[in-house]
Amino acid sequence: MIESPWEYAPAPESRDIANLKPSYQMFVDGEFVDGGGEPLKSVNPATEEVLAEVASADESDVDKAVRAARRAFDDTWSTMPGTERAKYLFRIARLVQERGRELAVLETLDNGKPIKESRDADIPTAAAHFFHHAGWADKLAHAGYGPDPRPLGVAGQVIPWNFPLLMLAWKIAPALACGNTVVLKPAETTPLSALVFAEICQQAGLPPGVVNILPGAGDVGAALVAHPGIDKVAFTGSTEVGKQIQRTVAGSGKKLTLELGGKAANIVFDDAPLDQAVEGIVNGIFFNQGHVCCAGSRLLVQESIAEELLEKLRARVRTLRVGDPLDKNTDVGAINSAEQLAKITELADSGDAEGAQRWTSPCPLPDRGFFFAPTVFSGVHQSMRIAREEIFGPVLSVLTFRTPAEAIAKANNTPYGLSAGIWTEKGSRILWAAQQLRAGVVWANTFNRFDPTAPFGGYQESGFGREGGRSGLEAYLDV
Amino acid sequence: MAQSPTPSELADAVRDDRSLRRFLHGLPGVDQVGLEQRAAGLATRSIKKDAKRWAIDTAISMVDLTTLEGADTEGKVRTLCAKARRPDPERPDTPPVAAVCVYSDLVATAVRELQGTGIRVASVATAFPSGRAARPVKLADVEHAVAAGAHEIDMVIDRGAFLAGRYAQVFEEIQAVKAACGRAHLKVILETGELATYDNVRRASWLALLAGGDFIKTSTGKVSPAATLPVTHLMLQAVRDWRDATGQLRGVKPAGGIRTTKDAIRYLVAVHEVAGPEWLTPELFRFGASSLLNDLLMQRRTQLDGHYSGPDHVAVD
Numbered sequence: 126m127i128e129s130p131w132e133y134a135p136a137p138e139s140r141d142i143a144n145l146k147p148s149y150q151m152f153v154d155g156e157f158v159d160g161g162g163e164p165l166k167s168v169n170p171a172t173e174e175v176l177a178e179v180a181s182a183d184e185s186d187v188d189k190a191v192r193a194a195r196r197a198f199d200d201t202w203s204t205m206p207g208t209e210r211a212k213y214l215f216r217i218a219r220l221v222q223e224r225g226r227e228l229a230v231l232e233t234l235d236n237g238k239p240i241k242e243s244r245d246a247d248i249p250t251a252a253a254h255f256f257h258h259a260g261w262a263d264k265l266a267h268a269g270y271g272p273d274p275r276p277l278g279v280a281g282q283v284i285p286w287n288f289p290l291l292m293l294a295w296k297i298a299p300a301l302a303c304g305n306t307v308v309l310k311p312a313e314t315t316p317l318s319a320l321v322f323a324e325i326c327q328q329a330g331l332p333p334g335v336v337n338i339l340p341g342a343g344d345v346g347a348a349l350v351a352h353p354g355i356d357k358v359a360f361t362g363s364t365e366v367g368k369q370i371q372r373t374v375a376g377s378g379k380k381l382t383l384e385l386g387g388k389a390a391n392i393v394f395d396d397a398p399l400d401q402a403v404e405g406i407v408n409g410i411f412f413n414q415g416h417v418c419c420a421g422s423r424l425l426v427q428e429s430i431a432e433e434l435l436e437k438l439r440a441r442v443r444t445l446r447v448g449d450p451l452d453k454n455t456d457v458g459a460i461n462s463a464e465q466l467a468k469i470t471e472l473a474d475s476g477d478a479e480g481a482q483r484w485t486s487p488c489p490l491p492d493r494g495f496f497f498a499p500t501v502f503s504g505v506h507q508s509m510r511i512a513r514e515e516i517f518g519p520v521l522s523v524l525t526f527r528t529p530a531e532a533i534a535k536a537n538n539t540p541y542g543l544s545a546g547i548w549t550e551k552g553s554r555i556l557w558a559a560q561q562l563r564a565g566v567v568w569a570n571t572f573n574r575f576d577p578t579a580p581f582g583g584y585q586e587s588g589f590g591r592e593g594g595r596s597g598l599e600a601y602l603d604v
Numbered sequence: 022m023a024q025s026p027t028p029s030e031l032a033d034a035v036r037d038d039r040s041l042r043r044f045l046h047g048l049p050g051v052d053q054v055g056l057e058q059r060a061a062g063l064a065t066r067s068i069k070k071d072a073k074r075w076a077i078d079t080a081i082s083m084v085d086l087t088t089l090e091g092a093d094t095e096g097k098v099r100t101l102c103a104k105a106r107r108p109d110p111e112r113p114d115t116p117p118v119a120a121v122c123v124y125s126d127l128v129a130t131a132v133r134e135l136q137g138t139g140i141r142v143a144s145v146a147t148a149f150p151s152g153r154a155a156r157p158v159k160l161a162d163v164e165h166a167v168a169a170g171a172h173e174i175d176m177v178i179d180r181g182a183f184l185a186g187r188y189a190q191v192f193e194e195i196q197a198v199k200a201a202c203g204r205a206h207l208k209v210i211l212e213t214g215e216l217a218t219y220d221n222v223r224r225a226s227w228l229a230l231l232a233g234g235d236f237i238k239t240s241t242g243k244v245s246p247a248a249t250l251p252v253t254h255l256m257l258q259a260v261r262d263w264r265d266a267t268g269q270l271r272g273v274k275p276a277g278g279i280r281t282t283k284d285a286i287r288y289l290v291a292v293h294e295v296a297g298p299e300w301l302t303p304e305l306f307r308f309g310a311s312s313l314l315n316d317l318l319m320q321r322r323t324q325l326d327g328h329y330s331g332p333d334h335v336a337v338d
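These protein sequence lines map, in sequence, to chains U and S. Position one of the first sequence corresponds to residue 126 (the working numbering), numbered consecutively onward. Position one of the second sequence corresponds to residue 22 (the working numbering), numbered consecutively onward.
No lab work stands behind these hints: they were computed from the structure. Since this is a predicted model, take the numbers as computed values, not measurements. All C-beta atoms in this analysis are idealised placements derived from N, C-alpha and C, irrespective of residue type, glycine included. Don't take every hint at face value.
Stated by the list, open to error - Simulated restraints, written as ranges between beta carbons of each label pair:
(1) U:GLU550 - S:GLU90: 38 to 48 Å
(2) S:PRO246 - U:GLN371: 49 to 59 Å
(3) S:LYS243 - U:SER429: 51 to 61 Å
(4) U:PRO491 - S:ASP265: 49 to 59 Å
(5) U:ASP263 - S:PRO246: 56 to 66 Å
Claimed, not checked - Partner residues aside, some chain S positions facing chain U, computed with beta carbon under 7 Å:
(6) PRO49
(7) VAL51
(8) GLY55
(9) SER67
(10) LYS69
(11) ASP71
(12) ALA72
(13) ARG74
(14) TRP75
(15) HIS293
Stated by the list, open to error - Lysine-lysine pairs mimicking DSS-like chemistry, simulated, CA-CA at most 30 Å apart:
(16) S:LYS243 - S:LYS97
(17) U:LYS468 - U:LYS368
(18) U:LYS453 - S:LYS243
(19) U:LYS368 - U:LYS212
(20) U:LYS453 - S:LYS73
(21) U:LYS453 - S:LYS70
(22) U:LYS453 - U:LYS166
(23) U:LYS453 - S:LYS97
(24) U:LYS166 - U:LYS212
(25) U:LYS146 - U:LYS368
(26) S:LYS70 - S:LYS243
(27) U:LYS166 - U:LYS146
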């Protein structure tokens with residue numbers, strides 16, 4: 126193959142747009158305050174440089190924040206008419222849009238995801254969640270949960286590092302729309318966009334205490350979840366932590382929703398639109414470096430087309446550009462942390478050990494930062510770890526099947542059940558397969574599409590409860 | 022289609038009308054949403070500085086400078102040929118274009134004007150643009166152009182026969198034209214705007230490749246929509262798949278509606294990432310355009326001078 130005579134020039138977005146500050150404080154009761162915990166250092170995973178020092182909460186901060194949220198709930202937020210709450214939410218949504226560029230660059234610096242994803246997916250979808258829920262705030266009586274559904278109270282929310290601002294929007298927007306107040310703990314490695322969001326809450330004139338942001342590690346999350354002043358716990362993250370939370374919350378009367386891990390099957394039938402299926406597979410597993418709980422990490426291909434599809438897939442993956450996340454031409458960015466990179470490496474090595482065939486994109490990787498080249502394992506069997514465990518990285522496991530029934534049996538043979546994909550030109554097969562698949566979201570001839578109107582959530586070890594759409598409101602209402 | 026066809030399978034596919042239909046309808050389907058999403062996504066690649074300069078010069082060298090008006094005259098063709106030879110007289114390092122494309126009765130003029138320059142003369146033939154004429158008329162058109170010295174023939178397929186499902190008729194006609202071309206290269210115009218669906222575009226692309234077309238070309242430029250990015254993506258996939266199946270390299274030519282450097286660069290990105298870097302040559306990729314060249318020249322100056330000079334600084338021909 127002829128080497129390309131054409132190297133795209135780097136086109137990096139300016140990091141100055143992020144307005145990065147040397148240090149960030151916590152946000153409690155409408156004020157930025159110092160935390161009692163040991164300060165965190167937020168690191169740019171693409172360069173390993175420290176971006177900023179971030180205050181961290183301790184137990185007394187958790188208590189203060191929960192009390193502030195309770196006061197705000199009792200005094201203003203829960204008694205405010207829905208139309209008024211909607212105005213605040215609309216204002217927040219517009220501010221997220223107005224500061225979209227700043228937020229996108231900040232998110233990319235802090236998280237390592239490509240700027241084109243933070244700019245075109247994360248931030249616009251986060252704004253869309255606030256717009257969508259602003260619309261619900263004065264229409265809760267028409268949501269199908271009775272004539273006068275009541276808020277639950279104070280929500281304790283813990284979110285992951287893969288979509289920092291988007292997950293915040295998924296949690297805060299419905300909670301506020303329904304009249305709850307929140308104490309939110311962003312992930313230890315990606316707290317920055319949440320603290321800029323706190324500025325946006327101030328800009329929007331949100332009453333103090335309605336939104337509180339407490340950066341910190343797992344212990345802060347645990348303290349928040351266990352706090353007796355919390356009425357509702359919402360968590361997105363690993364299944365392991367989800368189980369701990371469920372144990373903590375059991376018997377306390379707190380309402381709980383969990384959105385946990387996944388090992389989604391992306392099923393390609395022999396009559397699929399192959400070139401688009403290849404795109405969907407790439408989008409399914411390499412979007413956001415595979416740091417996606419609903420990533421299509423298990424590719425199930427009908428045996429009769431497996432070889433052809435794999436060839437096309439490898440050719441396509443070869444064109445993925447891995448590197449500086451701030452470069453607009455980058456398709457795959459940095460792995461969020463050294464710890465995560467080690468986990469991915471360990472699991473991928475288990476694939477070798479168990480006899481799967483590893484293929485790695487020959488793309489060049491930067492010298493510094495945490496990077497993992499897009500990797501495709503073929504010859505994978507259901508019994509292997511790489512087919513069962515969530516890798517949460519740019520690693521695809523390819524399995525084959527012979528009949529539609531076998532595809533469904535293999536797809537469902539997982540402790541998870543968050544999402545699935547079906548690729549076929551046959552409409553009846555799409556409907557049949559979608560009914561058989563035990564997954565919260567089933568995409569047909571597409572993958573990783575998100576919209577605030579569509580509920581999202583899992584089965585089995587992928588958690589319970591739904592976020593988004595009308596059904597998402599249920600998690601924040603006394604129904 | 023289960024596997025990539027081997028050449029012997031391809032020979033089998035064109036045995037008769039039935040096997041041809043079975044083959045074309047057995048090609049993998051095209052998902053409209055997915056194709057358009059990919060085309061839009063790839064169009065956002067940011068090309069700057071050296072990469073942009075390289076892209077502009079490459080695009081200039083891929084232009085089929087075209088005039089296809091009823092009012093064309095020898096004078097008009099001579100002017101166009103002058104422009105083809107030296108697109109920007111003040112910048113002699115500007116590469117010449119790939120070809121000049123005219124109606125068949127003006128081929129002789131173009132050949133005379135371009136002698137010794139290496140610029141090829143392309144002629145539309147086969148009752149361009151409608152393609153509605155008896156086959157002997159179409160072949161005579163081609164023979165006339167070739168006899169006058171055309172290096173490349175741009176033929177239109179019979180869209181009526183294609184849409185009516187008479188694939189063998191279309192196939193045979195392309196073969197006959199190819200035979201009439203002799204040593205001239207054959208570009209097969211699919212007129213994708215009239216084929217309406219992406220599935221049809223894929224089938225027509227394969228039909229043209231099976232029949233021996235050296236290039237597949239989107240449009241005559243007389244029908245809207247003419248070239249679009251998704252259609253070009255699809256045709257680039259077809260030549261890539263053809264290469265994988267046969268080892269042969271065939272070309273793609275989007276034509277009509279590509280007017281700006283920005284657009285042209287989007288097409289080059291698609292060539293680079295969909296078909297592959299080896300297609301980034303005038304041998305395998307062309308732009309059918311008349312007004313694109315001036316924008317490329319203006320952008321070229323902007324890149325070199327660091328400021329924009331305006332349309333009056335390049336020739337209007």
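Results of checking the hints against the structure:
no., hint, verdict
1, U:GLU550 - S:GLU90: 38 to 48 Å, "holds, 42 Å"
2, S:PRO246 - U:GLN371: 49 to 59 Å, "holds, 55 Å"
3, S:LYS243 - U:SER429: 51 to 61 Å, "violated, 42 Å"
4, U:PRO491 - S:ASP265: 49 to 59 Å, "violated, 32 Å"
5, U:ASP263 - S:PRO246: 56 to 66 Å, "violated, 44 Å"
6, PRO49, "holds, 4 Å"
7, VAL51, "holds, 6 Å"
8, GLY55, "holds, 3 Å"
9, SER67, "holds, 4 Å"
10, LYS69, "holds, 5 Å"
11, ASP71, "holds, 5 Å"
12, ALA72, "holds, 4 Å"
13, ARG74, "violated, 9 Å"
14, TRP75, "holds, 6 Å"
15, HIS293, "holds, 6 Å"
16, S:LYS243 - S:LYS97, "holds, 19 Å"
17, U:LYS468 - U:LYS368, "holds, 20 Å"
18, U:LYS453 - S:LYS243, "violated, 36 Å"
19, U:LYS368 - U:LYS212, "violated, 37 Å"
20, U:LYS453 - S:LYS73, "holds, 15 Å"
21, U:LYS453 - S:LYS70, "holds, 14 Å"
22, U:LYS453 - U:LYS166, "holds, 26 Å"
23, U:LYS453 - S:LYS97, "violated, 43 Å"
24, U:LYS166 - U:LYS212, "violated, 35 Å"
25, U:LYS146 - U:LYS368, "violated, 36 Å"
26, S:LYS70 - S:LYS243, "violated, 35 Å"
27, U:LYS166 - U:LYS146, "holds, 12 Å"
When each numbered hint is compared with the structure, violations occur for hints 3, 4, 5, 13, 18, 19, 23, 24, 25 and 26.
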